[in-house]
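Colleague: In my numbering, the protein residues as written are 1 to 80.
Be careful, since some hints might not be right.
[Said to hold, decoys possible] Estimated spans, in silico, between C-beta atoms of each pair:
#1 Asp62 / Phe26: 30 to 38 Å
#2 Pro69 / Phe18: 37 to 45 Å
#3 Ala63 / Thr19: 51 to 59 Å
#4 Ser9 / Phe40: 43 to 51 Å
#5 Glu34 / Gly65: 44 to 52 Å
#6 Pro73 / Thr42: 13 to 21 Å
#7 Glu34 / Trp13: 32 to 40 Å
#8 Phe27 / Val55: 52 to 60 Å
#9 Phe18 / Arg54: 44 to 52 Å
#10 Pro68 / Thr42: 21 to 29 Å
#11 Ala20 / Pro69: 25 to 33 Å
[To be verified] Taking lysine to any residue pairs in the SDA-like style, the calculated list, with each CA pair at most 20 Å apart, reads:
#12 Lys70 / Val60
#13 Lys70 / Cys56
#14 Lys70 / Ile58
#15 Lys70 / Ser59
#16 Lys70 / Arg54
#17 Lys70 / Leu52
#18 Lys70 / Cys53
#19 Lys70 / Leu49
#20 Lys70 / Glu57
Just so you know, the hints here were simulated from the structure itself, not pulled from any lab data. Keep in mind that this is a model prediction, so the values were computed, not measured. Idealized CB from N, CA, C, for every residue including glycine.
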Amino acid sequence: LLLPFGLASAAGWATPLFTALIAYTFFGLDALSEELEDPFGTQPNDLALDGLCRVCEISVFDALGETPPKMIPADKFYFS
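Construct the entire structure; sequences and hints are all you get.
Modeller: Spelled out as structure tokens, the structure:
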């Protein structure tokens with residue numbers, strides 16, 4: 001709210017331009033923080049937890065000297 005008054009003497013007629021640019025930056029950061037707020041969901045930009053768990057499972061089976069079970073084909077469900 002006070003940003004335009006602080007820029008008025010330094011920027012002159014370009015104050016609305018600078019204020020809009022700074023506001024756009026903050027709105028972008030807000031949208032980014034909302035997207036990254038919950039990484040453990042099922043939306044497209046969330047972490048692929050199924051794949052991460054599969055890699056951990058394969059590593060544990062390798063450490064035990066066993067063969068991991070086969071992958072279930074993803075015919076009727078979404079594999080993230």
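Colleague: Does each hint hold? Answer for all of them.
Modeller: Right, here's what the structure says about each hint:
no. : hint                      : result
1   : Asp62 / Phe26: 30 to 38 Å : violated, 47 Å
2   : Pro69 / Phe18: 37 to 45 Å : violated, 59 Å
3   : Ala63 / Thr19: 51 to 59 Å : holds, 57 Å
4   : Ser9 / Phe40: 43 to 51 Å  : holds, 48 Å
5   : Glu34 / Gly65: 44 to 52 Å : holds, 45 Å
6   : Pro73 / Thr42: 13 to 21 Å : holds, 20 Å
7   : Glu34 / Trp13: 32 to 40 Å : holds, 34 Å
8   : Phe27 / Val55: 52 to 60 Å : violated, 37 Å
9   : Phe18 / Arg54: 44 to 52 Å : holds, 49 Å
10  : Pro68 / Thr42: 21 to 29 Å : holds, 24 Å
11  : Ala20 / Pro69: 25 to 33 Å : violated, 56 Å
12  : Lys70 / Val60             : holds, 15 Å
13  : Lys70 / Cys56             : holds, 14 Å
14  : Lys70 / Ile58             : holds, 10 Å
15  : Lys70 / Ser59             : holds, 14 Å
16  : Lys70 / Arg54             : holds, 11 Å
17  : Lys70 / Leu52             : holds, 16 Å
18  : Lys70 / Cys53             : holds, 14 Å
19  : Lys70 / Leu49             : holds, 18 Å
20  : Lys70 / Glu57             : holds, 11 Å
This entry does not satisfy hints 1, 2, 8, 11, going by the numbered hints stated previously.
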